[in-house]
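**Student:** Assemble the complex: chain W is given as a structure, and chain U must be docked to it using the hints.
Protein chains: 2
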Amino acid sequence: MIQRLAVIGVGLIGGSFALALRRAKAVGSVVGSGRSAATLQEARRLGIIDEIAEGPAEAAAGADFIMIATPVGQIEAILRAVRPQLAGGAVVTDGGSTKSDLVRAARDALRDRIGQFVPGHPIAGAEKSGAGAALAGLYDGRRVVLTPLPENDPAAVARVELAWRTCGAVVARMTPQEHDRVLAAVSHLPHVLAYALVEQIVTDPRAEVLWAHAAGGFRDFTRIASSHPEMWRDICIANREALLQEIDRYAGQLRQLRDLIDAGDAAGLEHQFQRSREARDAWLQRLASGA
Amino acid sequence: MIQRLAVIGVGLIGGSFALALRRAKAVGSVVGSGRSAATLQEARRLGIIDEIAEGPAEAAAGADFIMIATPVGQIEAILRAVRPQLAGGAVVTDGGSTKSDLVRAARDALRDRIGQFVPGHPIAGAEKSGAGAALAGLYDGRRVVLTPLPENDPAAVARVELAWRTCGAVVARMTPQEHDRVLAAVSHLPHVLAYALVEQIVTDPRAEVLWAHAAGGFRDFTRIASSHPEMWRDICIANREALLQEIDRYAGQLRQLRDLIDAGDAAGLEHQFQRSREARDAWLQRLASGA
Chain W
1 MIQRLAVIGV GLIGGSFALA LRRAKAVGSV VGSGRSAATL QEARRLGIID
51 EIAEGPAEAA AGADFIMIAT PVGQIEAILR AVRPQLAGGA VVTDGGSTKS
101 DLVRAARDAL RDRIGQFVPG HPIAGAEKSG AGAALAGLYD GRRVVLTPLP
151 ENDPAAVARV ELAWRTCGAV VARMTPQEHD RVLAAVSHLP HVLAYALVEQ
201 IVTDPRAEVL WAHAAGGFRD FTRIASSHPE MWRDICIANR EALLQEIDRY
251 AGQLRQLRDL IDAGDAAGLE HQFQRSREAR DAWLQRLASG A
Chain U
1 MIQRLAVIGV GLIGGSFALA LRRAKAVGSV VGSGRSAATL QEARRLGIID
51 EIAEGPAEAA AGADFIMIAT PVGQIEAILR AVRPQLAGGA VVTDGGSTKS
101 DLVRAARDAL RDRIGQFVPG HPIAGAEKSG AGAALAGLYD GRRVVLTPLP
151 ENDPAAVARV ELAWRTCGAV VARMTPQEHD RVLAAVSHLP HVLAYALVEQ
201 IVTDPRAEVL WAHAAGGFRD FTRIASSHPE MWRDICIANR EALLQEIDRY
251 AGQLRQLRDL IDAGDAAGLE HQFQRSREAR DAWLQRLASG A
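In order, the protein sequences belong to chains W and U. With this note's numbering applied, the first sequence covers 1 to 291. With this note's numbering applied, the second sequence covers 1 to 291.
Don't read these hints as lab results, they were simulated from the structure. Any given hint might turn out to be false.
[To be verified] Here are some of the chain U residues that sit facing chain W, going by a computed Cβ distance under 8 Å:
hint	residue
1	Asp112
2	Phe218
3	Asp220
4	Arg223
5	Leu243
6	Gly264
7	Phe273
8	Ser276
9	Ser289
Think of the CB as a built atom: it goes at the ideal place given N, C-alpha and C, for glycine as much as any other residue.
Chain W with its partners taken away, still in its complex shape (with noise of 0.2 Å):
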């Protein structure tokens, strides 16, 4: 049970941070603070937070969880600020996309407090942004990668893993480097070759009757380029190398399907299509069994 529950950003997953623990009765109040004095008003109006804070470290003060649910790059500024206010028994999580550049972060930030922060990433991202997207039921049976740190006490861990739950997600614990690894190839690779894509239909001279004969495949191809592009900047920056590896070995694969079709190997791509096609709808089986 948490009694105060601070939300620093209250978008889409620091909102529905909130109200999945609402509808779990797991939290008695909840205050927000943010950037942006409209959306904590909707926040407020929603019913996702109870009351509004001037700023992070008044939105720390007397909390005893500590939510920050910002783009990366601002995380270690609040975690500056939050650090005077850090009660005791405190504990401070995050939801951004990259850990190892924030763990540098953060220690930095935090000093001796270090061991109150349990770093976290839920991997349920949406192209969607803002409180007005926020969901109590986005988490239910979504992935939350919690990556511990040394000097964390397994209370706090604990603490951190409990409340994911109470959300209705699955948690899986890596190291900080594992997880940045594992999202550039998943994750922020497939962001990067979206936004390449329209980038280049964008600066194509003949824009116009491309747009026109784009159809549904295009459209689900792309969505991920309709995500938050402050969000995406800060991923990009902070998971700089684990995304420059896959990037390169990304223009590798496309070499080599460049060559087989510029040979017209006929065998060859089919065999590579038909590969990649049961590899994807084998995962497909596996996420709709849960498994």
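**Tutor:** Same frame as chain W, now just chain U:
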């Protein structure tokens, strides 16, 4: 009104064409042929076709409208088989995803009968395939591109156009080269990109943990990698020239984004992501308004 429709290749595209014409009561009888006896029997059971023909030549005999809806790699051989059976007033069209290469092959195959062939392409693919996936409403509001030939009698083009309009489609006309260039950009390239991404996961030594953390964004991005491998093999080879140009342009786009990430250019990344999001969202709005 079509008296006798021959559908050669009774899958998603050919089957839906027959069902849509039946829905409009615009066809007398439908005869089907194809490589799989099981598919043809299913198509008859589902009421998509009335009769099963031995092969393309038998299907074409006595038909006044012939739709060839097979992977593009098979169309030339089918046209050769159909030619001796072609009635003087019959029109032949196809649903192939590439056009320049096909037109060359069709001229070879049909010789003095080339004027009866009106090439077409319904932009209504789906990752599903087979007669069981066919729908009478598949083409409602969808775009069909016809690439008429100088040899075509305007009346033949008009008949094919009317048939597609009767199916609910919006018909555009282009040259075969223009068609291939447009489709390479908005359809063939995205397919290659999705296949390459799945291939990257499949060949990763840590594929299991990657699949376990892939989420909704990945699923949508890779949906088209569950497309029909043989069909996409044929498309890549048939539209090689335009597709290679798009792949090369894409490699350049990706390198440019890579350099922004490598340089930590936050403003540059945000600018590009913002522009992509706005362009895509504007397109979605035009789609929704039916413009």
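**Student:** All hints, please: hold or fail.
**Tutor:** Cross-check of the supplied hints:
1. Asp112: 30 Å, violated
2. Phe218: Because about 5 Å separates Phe218 of chain U from the closest Cβ in chain W, which is inside the 8 Å limit, the hint holds.
3. Asp220: 4 Å, holds
4. Arg223: Since the shortest Cβ distance to chain W is 5 Å, the answer is holds.
5. Leu243: 6 Å, holds
6. Gly264: 5 Å, holds
7. Phe273: 4 Å, holds
8. Ser276: The hint holds - Ser276 of chain U has a Cβ within 8 Å of chain W, the shortest such distance being about 4 Å.
9. Ser289: This hint is violated: Ser289 of chain U lies away from chain W, its Cβ roughly 13 Å from the closest one there, beyond 8 Å.
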